[in-house]
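Work out the full structure, taking the sequences as your base and the hints as a guide.
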Amino acid sequence: MHLVSSVVNKLPSIGRLWSTKEHVHSPSREHPQNLPPIAPLAVSLPLPPDNMAPDGLLLPPEIDDYMMSVFATLPDGPQLLRLAALVCRAWLAASRVHLYRDVTIQTEGQFDEFERVVIDSPMINDCVRILRLDRRGRKYELNFPWVNTKLASALPKALKRLETLEMLSIEEKWRAESFRKLSSFTSVTTLSLDRCGFSTEELLGVISAFPSLMNLRIVDFIELFNGRDENVQLMHPPQPLRLVLHCDDIPSHSMGKENLLDYLLKSGCEDTVRSLDIQVSKRNVLHVKQFIQKLGPSLEELRLGFVRRFGHYDEDLDMLNTVDLSSNTNLQHITFVDPAPLAVQSLLASLANPLSGIRTISFAVRVYDVKSVTSAKNVKNPSLASVLTEAIDARIIPRHARIRFLVDWDPAKVKGVQERSNVWEQLELVREEFETAYCYLKEERMLDVVRQSFSD
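For the sequence shown, this note's numbering assigns the number 789 to the initial residue and increments by one for each residue that follows.
Watch out, some of these pointers could steer you wrong.
[Said to hold, decoys possible] Distance ranges between label pairs, derived from CB positions: (1) 1105 to 1059: 29 to 35 angstroms; (2) 1054 to 889: 18 to 24 angstroms; (3) 864 to 1217: 27 to 33 angstroms; (4) 920 to 1112: 34 to 40 angstroms.
[As the list claims (entries may be wrong)] Straight-line Cα separation of at most 30 angstroms, DSSO-like style, residue types lysine-lysine; simulated pairs: (5) 938 to 969; (6) 948 to 969; (7) 961 to 938; (8) 1054 to 1070; (9) 969 to 1070; (10) 961 to 945.
It should be emphasised that the hints constitute simulated quantities derived from the structure, not laboratory data. Beta carbons are placed, not taken as given, at the ideal position from N, Cα and C, and that holds for glycine.
Structure follows, in structure tokens:
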């Protein structure tokens, strides 16, 4: 209770209202030392007596919901929400919405308990928006492959408002009927597969199971064949608006006749994808090149990453020179992650000219790479600053565009950063370093330096 009240008192205009809530807290109620799991808590929690809150002293429900939304964004948000549920009847209802908004399940036992709760309580299953199945750290446990069988059994009918489904380190053989049952998740618009492992055919079956899919994310997919490459019914060919694909090798059938990108194009993605976040490597550069060209004018936002510093070496340039952005005439935002000057020079040279629609060109760099990004180099290896200056002078980059450097760092891991209590002070020093190296951009008022995680 003290933890909740201390946070509330710091919120603007809420501290004064908090005093109207204190009378509903019974002094005899002990502070819970060992909080139970979320699911049993919301089901078994006793409600305060009605006579504890006189009429006219309750806060408006909009204020209750605002306070719960603030609690949910704090580092100890789940604990605050559980404690808030103990304050009064109104806060129990308000906190439940945020307690069950984002659910993570790691074991089969947790899944069984969650399934029981959402089936028994329509009020709770109506709150679930994000469901995350996380098997990281448990992939070597010997247990029945429960994810695809149980996920597709009762939950599609119970979770009618589920928006996001995330799977992490799921390595299972999928049953054919599971894909048909997954198609009952008609409200799911976002699917994320992170370090999952199954056959390419099963991958296509999973991403084709959701009829309302708009956001598709596939990261470090592991192709596991072992007799799993079976015919799978592709229920709803995906046509996402936003696609994230971080794979060194593009998943493909065992005979190599069709890969994931080929299937997406065949499904009609060339007319729907507006935002593409993709990583380029020596192994996939030709497939990525063809895919970007096929997207053509539909593509508005492009984020290019480079696997294992691809593009930083002279032998990579011949392959990168084949990547042509001239067909993407409606590009508005381009981001290069861990960029090499020569790679940037090659890719910018392929842009349609004049490119009046471009709004931002961003470079995502880690704080320990700032020195290399801001330093000057010899004529053979030009600096990024000189590459950008030449592109602006050649009108490849319009002068109304913004050049943004997204600096990513964890103060707890980078030497020198954790010694400063004020992170924004450190950012100011980094910004000054960029302004010195890119004085031309500063004079043209085109330069932005911000702190942003690579995952944002």
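Each hint tested on the structure:
1. 1105 to 1059: 29 to 35 angstroms: For residue 1059 against residue 1105, whose Cβ atoms are near 32 angstroms apart, the range 29 to 35 angstroms holds.
2. 1054 to 889: 18 to 24 angstroms: Violated, at about 36 angstroms.
3. 864 to 1217: 27 to 33 angstroms: The hinted range 27 to 33 angstroms holds for residue 864 and residue 1217, with Cβ atoms some 30 angstroms apart.
4. 920 to 1112: 34 to 40 angstroms: For residue 1112 against residue 920, whose Cβ atoms are near 38 angstroms apart, the range 34 to 40 angstroms holds.
5. 938 to 969: Distance of about 10 angstroms is within 30 angstroms: holds.
6. 948 to 969: Holds, at roughly 14 angstroms.
7. 961 to 938: holds, 13 angstroms
8. 1054 to 1070: OK: residue 1054 and residue 1070 at ~24 angstroms, within 30 angstroms.
9. 969 to 1070: violated, 38 angstroms
10. 961 to 945: holds, 23 angstroms
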